[in-house]
Amino acid sequence: MLEQEVHDDEYLYRGVVKNNWDFLNGRPSSATYKDSLGVSVDRQGERNDNDSVLSLLDKKDFFAVCKVLTRDVRALDALVYYLPKNDNLYHSEIHGSVDDVRLKGKKPNRIREKSIVIFQK
Amino acid sequence: METKSKVHEFTESSMPKYAMLVALGLINYDSSHAYRTITLPTSQRSSVVAVHMPTSTRVNVTDRYSLDKLKLNKRTLFNLRNLQHNWNGYNAEPINNDIIDKTERLISMIHFQPQIFPTGRGTIQIEYYNNDDDFMEIEIFDDGQFMYRIKDGLEEEREVSIEEIIELI
Numbered sequence: 000m001l002e003q004e005v006h007d008d009e010y011l012y013r014g015v016v017k018n019n020w021d022f023l024n025g026r027p028s029s030a031t032y033k034d035s036l037g038v039s040v041d042r043q044g045e046r047n048d049n050d051s052v053l054s055l056l057d058k059k060d061f062f063a064v065c066k067v068l069t070r071d072v073r074a075l076d077a078l079v080y081y082l083p084k085n086d087n088l089y090h091s092e093i094h095g096s097v098d099d100v101r102l103k104g105k106k107p108n109r110i111r112e113k114s115i116v117i118f119q120k
Numbered sequence: 000m001e002t003k004s005k006v007h008e009f010t011e012s013s014m015p016k017y018a019m020l021v022a023l024g025l026i027n028y029d030s031s032h033a034y035r036t037i038t039l040p041t042s043q044r045s046s047v048v049a050v051h052m053p054t055s056t057r058v059n060v061t062d063r064y065s066l067d068k069l070k071l072n073k074r075t076l077f078n079l080r081n082l083q084h085n086w087n088g089y090n091a092e093p094i095n096n097d098i099i100d101k102t103e104r105l106i107s108m109i110h111f112q113p114q115i116f117p118t119g120r121g122t123i124q125i126e127y128y129n130n131d132d133d134f135m136e137i138e139i140f141d142d143g144q145f146m147y148r149i150k151d152g153l154e155e156e157r158e159v160s161i162e163e164i165i166e167l168i
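Here the protein sequences line up with chains A and B, keeping their order. Residues 0 to 120 (numbering that gives the first Met the number 0) make up the first sequence, in order. Residues 0 to 168 (numbering that gives the first Met the number 0) make up the second sequence, in order.
Isolated chain B (complex conformation):
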């Protein structure tokens, strides 16, 4: 009786090698990685083999790196360059171009994209919010950065370096 087998995709040249290595238990696979499933014609079916073939060098978790979100944020920053004096109705300053440049470099180096907001004092605030016990706000000045966050219910507010921000995110 013909049975349908589900196997995972291999490149043509690597199939025999990977199949052998997995069958011998020399390769472990991680089901969290992306893989595709195909069904082989009957003549090519053998035992079910599960092997992953990562399609990206980045971890496939939806909340992490997102090119679309990065592009959106870059567009937001581009628009902030056009804010004129009094853009908020309360004599707000235009956003400092150096701060916009710094923010753009920062967001290009981090996995999780934040929300981005201008402030009336010409700085930029980036924010992450999960819930009231887990969020982070970082205000980016031309001469430094100031963070306020709550993590696991613990509150913290202090100056932070760019390197620290990258580690924290």
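For reference, chain A alone in the conformation it holds in the complex:
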């Protein structure tokens, strides 16, 4: 079990499917970070990029994998919660605010801007 608090220096990893890849501009669309509930990500924990990518690709044949620093997400007034699951020790979520779980408008766009693509087919 990891510490309850996700550290500012931890990266958050998210897989991107082809439908959300912006081929024109060579990056994920901000639509990647729009979900009905919190945006699921895998926190870094003690892992490196390679381990994180492989872990995600084990679950689904993603087109790409991005990472974003927790500090950058919090700087946008979004919230990061560690919510481990039985099948995923690293599962975490990004929420828009205390009042609205969804990310909307500026926040998903800015998170996308801060994201780094670490794997792409």
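Think of the hints as simulated: they come from the structure by calculation, not from any bench. We treat Cβ as the ideally placed atom computed from N, Cα and C, and that holds for glycine. Be aware that a few hints might be false.
The list that follows gives simulated cross-link-like pairs (lysine-lysine, DSSO-like), each with its CA atoms no further than 27 Å apart [stated by the list, open to error]:
#	chain 1	residue 1	chain 2	residue 2
1	B	Lys68	A	Lys17
2	A	Lys120	B	Lys68
3	A	Lys105	B	Lys150
4	B	Lys101	A	Lys120
5	B	Lys73	A	Lys84
6	B	Lys101	A	Lys17
Ranges between beta-carbon positions, derived for each pair [what the hints assert, rightly or not]:
#	chain 1	residue 1	chain 2	residue 2	range
7	A	Leu56	B	Ser65	20 to 30 Å
8	B	Asn81	A	Gln3	38 to 48 Å
9	A	Leu23	B	Lys150	35 to 45 Å
10	A	Gly25	B	Ser65	13 to 23 Å
11	A	Lys113	B	Glu155	42 to 52 Å
12	B	Asp142	A	Leu78	46 to 56 Å
13	A	Glu45	B	Lys150	19 to 29 Å
Selected chain A positions facing chain B (in silico; Cβ < 10 Å) [what the hints assert, rightly or not]:
#	residue
14	Ser29
15	Asn49
16	Lys58
Since chain A is already given, all that's left is putting chain B on it; use the hints.
Here is chain B on its own, set in the frame of chain A:
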């Protein structure tokens, strides 16, 4: 000495009329409109006359209306109807058919075709991007639309109506 003259294409019946009107300075022509150039046989050449004959009712600017791009977007929307639950690996919802229909009607009414992306919450996002100081994202819900854009460095995020979207684009 035979000289080559460049003249612009006329329909057979309109040639004399247009040539006369331009020669009299009664018609202005806009070089941004499409026109074709032909070379008349020597016997038919006279002074050089420049007249445009628009071949389309739409402005001939490559970034604007594009039937090909519209068709591509319609195909994208058609494919979105087939997305099943968990299509993104994160329990994404299928895309709401009403939202797809609404988006299809919208893109059929605008000049500039956007990029189209599905979201994990069953909505559709249309996007325009020129640079970091000039872009627009509109998320289409079943009960409204939400825009986030930056234009000339100014940021704006709010609900928008379909009519506003058409005006903005």
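Verification of the supplied hints:
1. B/Lys68 x A/Lys17: Answer holds: B/Lys68 to A/Lys17 is near 19 Å, not above 27 Å.
2. A/Lys120 x B/Lys68: Roughly 25 Å between the alpha carbons, so the hint for A/Lys120 and B/Lys68 holds.
3. A/Lys105 x B/Lys150: holds (13 Å)
4. B/Lys101 x A/Lys120: violated (33 Å)
5. B/Lys73 x A/Lys84: violated (39 Å)
6. B/Lys101 x A/Lys17: holds (23 Å)
7. A/Leu56 x B/Ser65: 20 to 30 Å: For A/Leu56 and B/Ser65 the Cβ distance comes to about 36 Å; the hint is violated.
8. B/Asn81 x A/Gln3: 38 to 48 Å: The hinted range 38 to 48 Å holds for B/Asn81 and A/Gln3, with Cβ atoms some 40 Å apart.
9. A/Leu23 x B/Lys150: 35 to 45 Å: violated (19 Å)
10. A/Gly25 x B/Ser65: 13 to 23 Å: Cβ of A/Gly25 to Cβ of B/Ser65: about 21 Å, so the range 13 to 23 Å holds.
11. A/Lys113 x B/Glu155: 42 to 52 Å: violated (21 Å)
12. B/Asp142 x A/Leu78: 46 to 56 Å: violated (26 Å)
13. A/Glu45 x B/Lys150: 19 to 29 Å: violated (44 Å)
14. Ser29: Status holds, d = 6 Å.
15. Asn49: violated (19 Å)
16. Lys58: holds (6 Å)
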